[in-house]
Amino acid sequence: MVSEHTDTVGDTSALALKILVAGGFGVGKTTLVGAVSEIRPLRTEELLSEAGQLVDDTDGVDQKVTTTVAMDFGRITIRSGLSLYLFGTPGQDRFWFLWDELAQGALGAVVLADTRRLEDCFPAVDYFEHRRIPFVVAVNCFTAARSYGAHDVSRALDLDRGTPVVLCDARDRDSGKEVLIRLVEYAGRMHTARLLDSVG
Amino acid sequence: MTENPTGEPREPGSQWYDGEAGPLVRPYAMTGGRTQPGPTGVRFDLIALVTLDPAAPALDDDTALGPEHRTLIDLCRPETQSVAELAADADLPVGVLRVLLGDLLELGCVTISRPVPPAHLPDERILREVIEGLRAL
Numbered sequence: 001m002v003s004e005h006t007d008t009v010g011d012t013s014a015l016a017l018k019i020l021v022a023g024g025f026g027v028g029k030t031t032l033v034g035a036v037s038e039i040r041p042l043r044t045e046e047l048l049s050e051a052g053q054l055v056d057d058t059d060g061v062d063q064k065v066t067t068t069v070a071m072d073f074g075r076i077t078i079r080s081g082l083s084l085y086l087f088g089t090p091g092q093d094r095f096w097f098l099w100d101e102l103a104q105g106a107l108g109a110v111v112l113a114d115t116r117r118l119e120d121c122f123p124a125v126d127y128f129e130h131r132r133i134p135f136v137v138a139v140n141c142f143t144a145a146r147s148y149g150a151h152d153v154s155r156a157l158d159l160d161r162g163t164p165v166v167l168c169d170a171r172d173r174d175s176g177k178e179v180l181i182r183l184v185e186y187a188g189r190m191h192t193a194r195l196l197d198s199v200g
Numbered sequence: 201m202t203e204n205p206t207g208e209p210r211e212p213g214s215q216w217y218d219g220e221a222g223p224l225v226r227p228y229a230m231t232g233g234r235t236q237p238g239p240t241g242v243r244f245d246l247i248a249l250v251t252l253d254p255a256a257p258a259l260d261d262d263t264a265l266g267p268e269h270r271t272l273i274d275l276c277r278p279e280t281q282s283v284a285e286l287a288a289d290a291d292l293p294v295g296v297l298r299v300l301l302g303d304l305l306e307l308g309c310v311t312i313s314r315p316v317p318p319a320h321l322p323d324e325r326i327l328r329e330v331i332e333g334l335r336a337l
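Order-wise, the sequence lines are chains A and B. For what it's worth, this note's numbering labels the leading residue of the first sequence as 1, then goes sequentially. For what it's worth, this note's numbering labels the leading residue of the second sequence as 201, then goes sequentially.
These are computed hints drawn from the structure, not numbers from a lab. Please note that a few of the clues may not be correct.
[Said to hold, decoys possible] Okay, the calculated bits of chain A under chain B, using three or more residues with CB under 8 Å as the criterion:
id	stretch
1	70-77
2	112-119
3	148-160
[What the hints assert, rightly or not] Some chain B residues flagged as far from chain A (calculated, every beta-carbon gap over 10 Å):
id	residue
4	D260
5	G266
6	L275
7	E329
C-beta: ideal position from N, C-alpha, C; glycine also.
Using the sequences and the hints, build the whole thing.
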């Protein structure tokens, strides 16, 4: 087979897809990335620039202070030349501006939720709904917290119809894989629907 | 390394620092004070892929490249690397890495793929391939 799709990625044949993992602080983002990644979770640091500090709340902080924000990421190689990259988004609200860069060109997102602190994932849900980035809500089932079904969570979060809610165990590789599969399936459906919209 | 191994009295400015004190070379020193990549002005995405051109003449030119450039070249030698991986492996902030990659691009040492624009999300065939690949893991 020599049929190459050269129209979208120019001269390169390698394709990298980006998936974001978002959610409140301590909900298991790093754990999920680590469970499915084939490389040890790497951390990359972004040094806040002056532009960032306009957004960042620097009240009472010396102007010269620079902050580093760590982002976890992992990789899954589907085949040579096709890889998935997972990015754990910075948990604190004041680093929202970093999300915009991460979200650029992302295939979709996983919003991790803990039913004991469901409100922690509201900002992430809002963010992706607003930008029409396909996402699934993955409820990390901490022991003794498994008292709600997917439907309850969907209602409590007031999700748009069709947004998948998956129960998962962020520590478990198979469970994490299932979450990603549901996301890619959903992203495909959203993408197709939009193409049809733009044609009709 | 929190103690002065020589045991001599400390003179001002000669203190030893431990790892928590952070890097002693400030990021701007590695980029020669620059905060933006060169004239190409491209802001490389975190998943942009960096491929080394082993035949690039600049690779043999010791004057053009700093130690951090060399580190990046060495990391790219075995296989194509994403910007995010390079930042983590070279232990450089992404902003610094982007400037250094801009240098390597200008010198023709590397090629850097553009990420797929959102309007051109991968076609169904690729997505199916991803799903099957995930199942097979």
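Against the structure, the hints come out as follows:
| no. | hint | result |
| --- | --- | --- |
| 1 | 70-77 | holds (count 4) |
| 2 | 112-119 | violated (count 0) |
| 3 | 148-160 | violated (count 0) |
| 4 | D260 | 25 Å, holds |
| 5 | G266 | 18 Å, holds |
| 6 | L275 | 12 Å, holds |
| 7 | E329 | 6 Å, violated |
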